[in-house]
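Place chain B on chain A using the hints.
2 protein chains.
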Amino acid sequence: MRKCKETADGRAYPDEVAKWGLFELRLEGPASGNPFVEVELVARFESEDRAFETRGFYDGEGRYAIRFMPDREGTWTFKTRSNRDGLDGQGGSFSCVAAAAGNHGPVRVAQRFHFAYSDGTRYLPFGTTCYAWTHQGADLQEVTLRTLASSPFNKIRMCVFPKYYDYNRDEPELFPFEGSLEKGWDYKRFVPAYFRNLEKRITELGHLGIEADLILFHPYDHWGFATMGPEADGLYLRYLIARLAAYRNVWWALANEYDLMKGKSIEDWERLAGIVENDDPYGHLRSIHNCMGFYDHAKSWITHCSIQRQDVYKTAEYTDEWRTKYGKPVVIDECAYEGDINWGWGNITAQELVRRCWEGYVRGGYVGHGETFLDPNDVLWWSKGGRLRGESPARIAFLRKIAGEGPSEGMTPISFGWSSWDLPCGGKEGEYYLFYFGFNRPRFRDFSLPADGEFMCDIIDTWNMIVSRLEDSYSGGFRIELPGEQYIALRLRRTTIPGPHSFPPSLSWA
Amino acid sequence: MRKCKETADGRAYPDEVAKWGLFELRLEGPASGNPFVEVELVARFESEDRAFETRGFYDGEGRYAIRFMPDREGTWTFKTRSNRDGLDGQGGSFSCVAAAAGNHGPVRVAQRFHFAYSDGTRYLPFGTTCYAWTHQGADLQEVTLRTLASSPFNKIRMCVFPKYYDYNRDEPELFPFEGSLEKGWDYKRFVPAYFRNLEKRITELGHLGIEADLILFHPYDHWGFATMGPEADGLYLRYLIARLAAYRNVWWALANEYDLMKGKSIEDWERLAGIVENDDPYGHLRSIHNCMGFYDHAKSWITHCSIQRQDVYKTAEYTDEWRTKYGKPVVIDECAYEGDINWGWGNITAQELVRRCWEGYVRGGYVGHGETFLDPNDVLWWSKGGRLRGESPARIAFLRKIAGEGPSEGMTPISFGWSSWDLPCGGKEGEYYLFYFGFNRPRFRDFSLPADGEFMCDIIDTWNMIVSRLEDSYSGGFRIELPGEQYIALRLRRTTIPGPHSFPPSLSWA
Numbered sequence: 000m001r002k003c004k005e006t007a008d009g010r011a012y013p014d015e016v017a018k019w020g021l022f023e024l025r026l027e028g029p030a031s032g033n034p035f036v037e038v039e040l041v042a043r044f045e046s047e048d049r050a051f052e053t054r055g056f057y058d059g060e061g062r063y064a065i066r067f068m069p070d071r072e073g074t075w076t077f078k079t080r081s082n083r084d085g086l087d088g089q090g091g092s093f094s095c096v097a098a099a100a101g102n103h104g105p106v107r108v109a110q111r112f113h114f115a116y117s118d119g120t121r122y123l124p125f126g127t128t129c130y131a132w133t134h135q136g137a138d139l140q141e142v143t144l145r146t147l148a149s150s151p152f153n154k155i156r157m158c159v160f161p162k163y164y165d166y167n168r169d170e171p172e173l174f175p176f177e178g179s180l181e182k183g184w185d186y187k188r189f190v191p192a193y194f195r196n197l198e199k200r201i202t203e204l205g206h207l208g209i210e211a212d213l214i215l216f217h218p219y220d221h222w223g224f225a226t227m228g229p230e231a232d233g234l235y236l237r238y239l240i241a242r243l244a245a246y247r248n249v250w251w252a253l254a255n256e257y258d259l260m261k262g263k264s265i266e267d268w269e270r271l272a273g274i275v276e277n278d279d280p281y282g283h284l285r286s287i288h289n290c291m292g293f294y295d296h297a298k299s300w301i302t303h304c305s306i307q308r309q310d311v312y313k314t315a316e317y318t319d320e321w322r323t324k325y326g327k328p329v330v331i332d333e334c335a336y337e338g339d340i341n342w343g344w345g346n347i348t349a350q351e352l353v354r355r356c357w358e359g360y361v362r363g364g365y366v367g368h369g370e371t372f373l374d375p376n377d378v379l380w381w382s383k384g385g386r387l388r389g390e391s392p393a394r395i396a397f398l399r400k401i402a403g404e405g406p407s408e409g410m411t412p413i414s415f416g417w418s419s420w421d422l423p424c425g426g427k428e429g430e431y432y433l434f435y436f437g438f439n440r441p442r443f444r445d446f447s448l449p450a451d452g453e454f455m456c457d458i459i460d461t462w463n464m465i466v467s468r469l470e471d472s473y474s475g476g477f478r479i480e481l482p483g484e485q486y487i488a489l490r491l492r493r494t495t496i497p498g499p500h501s502f503p504p505s506l507s508w509a
Numbered sequence: 000m001r002k003c004k005e006t007a008d009g010r011a012y013p014d015e016v017a018k019w020g021l022f023e024l025r026l027e028g029p030a031s032g033n034p035f036v037e038v039e040l041v042a043r044f045e046s047e048d049r050a051f052e053t054r055g056f057y058d059g060e061g062r063y064a065i066r067f068m069p070d071r072e073g074t075w076t077f078k079t080r081s082n083r084d085g086l087d088g089q090g091g092s093f094s095c096v097a098a099a100a101g102n103h104g105p106v107r108v109a110q111r112f113h114f115a116y117s118d119g120t121r122y123l124p125f126g127t128t129c130y131a132w133t134h135q136g137a138d139l140q141e142v143t144l145r146t147l148a149s150s151p152f153n154k155i156r157m158c159v160f161p162k163y164y165d166y167n168r169d170e171p172e173l174f175p176f177e178g179s180l181e182k183g184w185d186y187k188r189f190v191p192a193y194f195r196n197l198e199k200r201i202t203e204l205g206h207l208g209i210e211a212d213l214i215l216f217h218p219y220d221h222w223g224f225a226t227m228g229p230e231a232d233g234l235y236l237r238y239l240i241a242r243l244a245a246y247r248n249v250w251w252a253l254a255n256e257y258d259l260m261k262g263k264s265i266e267d268w269e270r271l272a273g274i275v276e277n278d279d280p281y282g283h284l285r286s287i288h289n290c291m292g293f294y295d296h297a298k299s300w301i302t303h304c305s306i307q308r309q310d311v312y313k314t315a316e317y318t319d320e321w322r323t324k325y326g327k328p329v330v331i332d333e334c335a336y337e338g339d340i341n342w343g344w345g346n347i348t349a350q351e352l353v354r355r356c357w358e359g360y361v362r363g364g365y366v367g368h369g370e371t372f373l374d375p376n377d378v379l380w381w382s383k384g385g386r387l388r389g390e391s392p393a394r395i396a397f398l399r400k401i402a403g404e405g406p407s408e409g410m411t412p413i414s415f416g417w418s419s420w421d422l423p424c425g426g427k428e429g430e431y432y433l434f435y436f437g438f439n440r441p442r443f444r445d446f447s448l449p450a451d452g453e454f455m456c457d458i459i460d461t462w463n464m465i466v467s468r469l470e471d472s473y474s475g476g477f478r479i480e481l482p483g484e485q486y487i488a489l490r491l492r493r494t495t496i497p498g499p500h501s502f503p504p505s506l507s508w509a
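Listed in order, the protein sequences are those of chains A and B.
Position one of the first sequence corresponds to residue 0 (numbering that gives the first Met the number 0), numbered consecutively onward.
Position one of the second sequence corresponds to residue 0 (numbering that gives the first Met the number 0), numbered consecutively onward.
Everything labelled a hint here was simulated from the structure, so no lab data went into it.
Mixed in with the good hints, there may be bad ones.
If several chains are the same, the list does not tell them apart, and a pair holds so long as it fits within one copy or across any two.
[Said to hold, decoys possible] With a straight-line cut-off of 27 angstroms between C-alpha atoms, the simulated BS3-like cross-links for lysine-lysine are: (1) Lys327 - Lys313; (2) Lys324 - Lys313; (3) Lys313 - Lys4; (4) Lys182 - Lys324; (5) Lys187 - Lys199; (6) Lys298 - Lys199.
In isolation and in its complexed conformation, chain A is listed as follows (with noise of 0.2 angstroms):
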């Protein structure tokens, strides 16, 4: 059982907290005047050579906070600074001891264009979209969080904002600031218990193993959270970093369609993303997605590209080029949806969402789902959550098991010269291969490769979610007879690696 420090005015803190664990410090303040924009508080936390500086919160009814994630072992001390007497100078110090099972610390960018867990796992994002889910009723958000438990994907974008848009044009329960639509907001004071709710979602999605892409601003809105101004948005910022950083499974997505959002300009965004680089002392992954033009991922600000189709028939097929042009992961969350609303993004079939997820694995890079199934209580998956209804979700499940069973340094593509013109292949040179045939469906294809080294071949059907793995190995050059259906790939891995490689190589996936 953890127990409780105090400081030296006694307040409460836990004395223990796993590594990447969620430390926080309890304090007591004023309540009087606005304490969201007039007291300051930070503290700063230190264990041997590390430090970190972080901010603290007004948590309403003169509560305030301080959280902390530490990312190593040991103890950790403590002290924090403020403009009010009660607020300053506290310290004290507390254990950080293993990380908690399951908990692998933040996620990061790995090999340049892919993503490990900061104790090195790998993390392959398998995402879908629930824009408002934290937005519904109590019951629908356990609705969803049960939905996720049995579902393959491991990241979720959702929005801090509520949203108005089609199929979403109820009004919360809660807002992220007092005021109402008719009377107008005050962006200066913050509703504590709508961040509650959004820390309590975080959390269980932590719990799930999901990363929470959360969508700082959006453009979906009738309230007027898309345009407070400069100062308003600056403070929320503030605020919300102050509140999440220090949870490890945060990711900021700074926009959603950052190009519909007319009244912020590139300088605007700019400056919003210096607010988070600088007030998350942790670095989570950042990025900004779009809806036509693509913002310019290679800002150094931007650690991985977010991105939305820009073409109705050609979207993951990109994913190689892009990953050239930007030198960074590449994720397309948005690829279009399975469902059958009017929009062309959001009425795809299945298969099609599956290749395009598929087309973008061997490309080296990574598609994300979305479910908008017109629904008689307006309750669509890729805005409200609840149940998923698609074929989808399980052929990516299927996609992530192989894609666990890859190459541990992710995806790199693999050309073949010429023969590569209508058959994109990822994987390791020399070790995999894992070749996909998306809509096209020969009865079987010549292969050529290294002779030196003996391959076993799977012949993956990605649609039924069957492997048949060949009986012969393969070397150099050979024909392998295919099934003359859509959606087939084919994985080659070599059975023995020259050097002191094993293989199949054990692999971790969480």
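Same frame as chain A, but now just chain B:
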């Protein structure tokens, strides 16, 4: 019954020819030396203010012929010129009578982006490809013709030269030149029987209402015909044109995959195009077909774009861009073929092929068919002809029927601004709108048409070939419920048209 006249020297010719029919004057002359290159023979045909000069040709065994296609009714006179006494100065006259049933004359470009026969009848190209069907045994050629007779196709791409390529390594019975693979070829001595078979097949195609899109050069060769050199290329073209130009259903495709013929430069192609343009007195349609990079279709000698898709995924979706770029009819002769062979250009589904045909059609162009199913005897339609096995021809017949009911001016892409991003539409502004949903499958869609007209609405299931007429009529903004399936089109036709129009117009398609 046609009677026969004689020239001053007693040579035979018909005294009556139907408009756009084939007039042939047969002469006898020297068989010694090499008449193919040593004997010059030209005839001038005149009728009132019209005059044509056309080249004659040596048909072997001392026989010469001059062919002519009259394009107006009335009396025509002719006179020959030659460097041989017996062939020079032959003259006479004949009567041109009304065109035979089904002969609408050569196809021309009409309405800038479309086609019509010379009598003004609309021509909507629905092409297929059987590159080497005339180089197969006579029985198989007959099977191919019978297949074509019951197919929807009214254009066929076919090579003059025999073909040497995957699934087509047989040696043909006849060759265009004297000689052999082993001993080499005399490019100055043609084999008339070879060309007579070609003419027989072109004539038979004409009877079926099928245009012969003749490929004059191609790279699939092991005999040397792809690399004969400029002189032989020119002799061959002149001989071919002298024999074939008077067939009303001939189109000239300078090359298939010109860019794979490394021995010919753009200057060579321009020179060869000049020969075709100069020697063909009738101005048959001219094009040149690419493998990777397009030829510059803006060249003045090119009457229409003959396109092979450059991308595995996106093909006919570019039709409207290419219209804008080149200002000419866009014919996508190769968007990939229904089949199951090893290469991506020959193993797409019927659904995907038909989808591409519709995409191209609503965008104001024309997409061609091909079929490449593996066959135990290597008889693949795309190369050798034979029988069709696929599911696309029936759907292409259905599209041809729908197109036949379309605007007489042809399809013009119609934009509805932002809402067109996922839903191409073609037709005639204010009168006819054909929307195509492709692989998208909405359950409804909102539309906005001119408020001053009433439109009747058909939901068209392009795969199951069902037209469902809705009972209501529509005007202004309205919502249409849709089946939520792939491959649906929506046709909206104005029921009342202001002015002197009648609607639906009475349209013919031949």
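Consistency of the hints with the structure:
no.	hint	result
1	Lys327 - Lys313	both (20 angstroms within a copy, 25 angstroms between copies)
2	Lys324 - Lys313	both (17 angstroms within a copy, 21 angstroms between copies)
3	Lys313 - Lys4	neither (58 angstroms within a copy, 64 angstroms between copies)
4	Lys182 - Lys324	neither (47 angstroms within a copy, 54 angstroms between copies)
5	Lys187 - Lys199	within (23 angstroms within a copy, 87 angstroms between copies)
6	Lys298 - Lys199	neither (32 angstroms within a copy, 67 angstroms between copies)
Hint compliance for this structure: hints 3, 4, 6 are not met, and every other hint is.
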